[in-house]
Amino acid sequence: MSNFKRTLITSALPYANGPVHIGHLAGVYVPADIFARYLRLKGEEVLFIGGSDEHGVPITLKAKKEGTTPQAIVDKYHGMIKDSFEKFGISFDVYSRTSSKIHHETASEIFKTLYDKGEFVEQTSGQFYDEEAGQFLADRYVTGTCPKCGFEKAYGDQCESCGTSLNATDLINPKSVLSGNVPVMKETKHWYLPLDKYEPWLKEWILEDHKEWKPNVYGQCKSWIDGGLNPRAVTRDLDWGVPVPIEGAEGKVLYVWFDAPIGYISATKELTPDWKKYWKDPETRLLHFIGKDNIVFHCIIFPSILKAEGSYNLPDNVPANEFLNLEGDKISTSRNWAVWLHEYLEEFPGKEDVLKYTLTANAPETKDNDFTWKDFQARNNSELVAILGNFVNRVLVLTNKYYEGVVPVAGKLELRDEEALATLIQLKSEIEKALDTFHFREALRLTMEMARLGNKYLADMEPWIVVKTNPERVKTVMYICLQITANLTIAFEPFLPFTMNKLRSFLNLGKLQWSELGRRDLLKAGHRVNTPELLFEKIEDDAIQRQVDKLLATKKSNELEQATVAPAKPHIEYDDFAKMDIRTGTIVAAEKVAKTMKLLKLTINTGIDQRTVVSGIAEHYEPEQIVGQRVSILVNLAPKNLKGIDSQGMILMAESKEGKLVFVEPSEAINDGAEIK
RNA sequence: GGCGAGGUAGCUCAGUUGGUUAGAGCGCAUGAUUCAUAAUCAUGAGGUCGCGGGAUCAUGCCCCGCCCUCGCUACCA
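Be aware that the first sequence starts at 64, since it is given in the numbering used here, and climbs by one per residue.
Because the hints were derived from the structure by calculation, they are not lab data. Treat the numbers as computed from the prediction; the structure is a model and nothing was measured. A virtual CB, placed ideally from N, CA and C, is assigned to each residue, including glycine. Worth double-checking, as some hints may not be accurate.
[To be verified] Derived CB-CB ranges, DEER-like:
hint : residue 1 : residue 2 : range
1    : N593      : L377      : 47 to 57 Å
2    : D272      : K706      : 35 to 45 Å
3    : Q186      : L715      : 38 to 48 Å
4    : A606      : K706      : 50 to 60 Å
5    : D337      : V469      : 39 to 49 Å
6    : I739      : H634      : 16 to 26 Å
7    : L597      : E477      : 28 to 38 Å
8    : E738      : L623      : 36 to 46 Å
9    : K706      : L623      : 33 to 43 Å
Based on the provided sequences and hints, a complete structural model is requested.
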């Protein structure tokens, strides 16, 4: 750990199809920023890298939907993201983007190197192709009828109605999103990274050599590695991205997951000609700050790429966080369930640090956590205002009152003074230990202890009483208080940079180094401090209520949207309907299908016979409670083998908008086998 | 179903290689205090450490089984 000379910190590249929200901040940018600021404060050589991830299919789709170009989309969001990071005070040394020229060059080069070294496997497969548009169709570029729920506008990768994940080839009546035409199946060649080849090495490198990684990270890597790794396509047929730099690969680009992490390298190149020092010198420590959704890319795939390339450093640690929820629900960009950074900055001007504080104090370090506005308010009012702001204010008010703002000369220190100063040094080493091991929540808590220490010292010393009898003693007390306050400007600097700027201006003090934390002479006797303003202000209920109302409104509009019923399918002829033989029936036996989550094996009396049907309803019904249940059954559906069982027919279920399945049964008792027509 | 991560005070979390009465902050109650944004300081109440077995002189921590939450994965005629 100590044999590194410098540190390169990367933070996950936000995807440029939407703005940044508190989930991104809590998971990645706030901890990365704290760490970067901490190392800088220690005088270490450090680079903090960020940038927008601008390739991939979702961006092309969004462009299509909005009738504009992918470039216009990424320009818009890149600008927005970059701007809000800057205002929020995420201290990137460079914030780049993957649509830049330098990135295209870098990504191409790395691809080319691996290609030339024979690290890829070539494979040809069939994929949908739009003849009119003259291009292959990514899964999301194909729509059609979902084979499961019959939803007409299912995408090739996922049905948005029932949530099933699909392959484009599963769709009934597939259609190209581009032209609306029926796509044809065509052969296409792609390059794959044979991850299976790296399995033994990954086992050694992660499972043996990096046992110190966070449990959630280590565990997930282990899960992936033990599950067996498969070759992964590094290219795809698309016209938005980094073109595949070899002959015969026209119309193909690098898969976004391949080019995105290379963005860290290009950003470094953009920043400094000396970039190799940061990426190739083994004395540089590489750290990836990411969210848990990115663990496999940063721990397995990207290191495999770098390893295959051969000349790059591998990450020393990947301190991934879990997810932050918002008021009990998952944050979702598409459902607008989020606190957007750019909106926060407008609605809470000057309170950047308050959000940083809350997100750090409540960071999802070991498990998913919940952000609530009520907690936000409490953290501000009872910690930032009451503990930190209040202490600073008390000290400066007293200093102004007793000494017209001039730091007094201390007399001989008493035991209690020495103790207070010693605690400061003790806390310093504890904070260091927490930060060095990425325990930011703990580090912040310990830092707050310093302010608590100050409050307690003041309360114990009671200078406002002693001043009447022993004004000399009060000079010492206030001197100590002022030193504690000055120390706060160092300790809090990584967490609350704007606020510490303000505090330094109150104290008339320049920026100090971490090594000076713990000193008892940061403010010399005779030094003049200013009259303070408030460091933090209380957040009143109405401000919080406005935010809660805003979320409630979002919830309401989401519900309305959900309540809309799927539109009717196109007309069919009576004959089409008549082909289906639907009967009444009764469930006579039911059992769970072993090793599945959703499947029940049902024995149905159809009137015609007793037969077995496998049905995906196990999440909705216990086997014992549905014996005797009347059902509607499609009896002439072609049999299908599911998990080793022949399923002969299909039970008709009605699905509610919440996704609940209920049986469709006759309204009166009727014999099994009655035709439904 | 498989794999991974979690399940500790009302809330958010610590609990190091198993070892004395299980900790912190917020919230709550009581008291002290007034320099301070009714802020601060002290004291206290509050926990069958998810459930059930087991190994041990001893377990929140080890072993086995089960339940719940989150993620990945298989499956949904």
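When you take the CB atoms of A606 and K706, is the distance between them in 50 to 60 Å?
Given about 55 Å between the Cβ atoms, the range holds.
Can the suggested window of 47 to 57 Å be confirmed for the beta-carbon pair N593 and L377?
holds (49 Å)
Using the C-beta atoms of I739 and H634, is the stated range 16 to 26 Å upheld?
holds (20 Å)
Falls inside 38 to 48 Å, the C-beta gap from Q186 to L715?
holds (41 Å)
Should the hint that L597 and E477 are 28 to 38 Å apart at their CB atoms be regarded as holding?
With Cβ atoms ~31 Å apart, the hint holds.
Within 39 to 49 Å: is that where the Cβ-Cβ distance between D337 and V469 falls?
holds (47 Å)
Do the beta carbons of D272 and K706 sit within 35 to 45 Å of each other?
holds (40 Å)
Is it true that E738 and L623 lie within 36 to 46 Å of each other by Cβ?
holds (39 Å)
Would you say the C-beta atoms of K706 and L623 sit inside 33 to 43 Å of each other?
holds (39 Å)
In terms of the numbered hints stated before, the structure departs from none.
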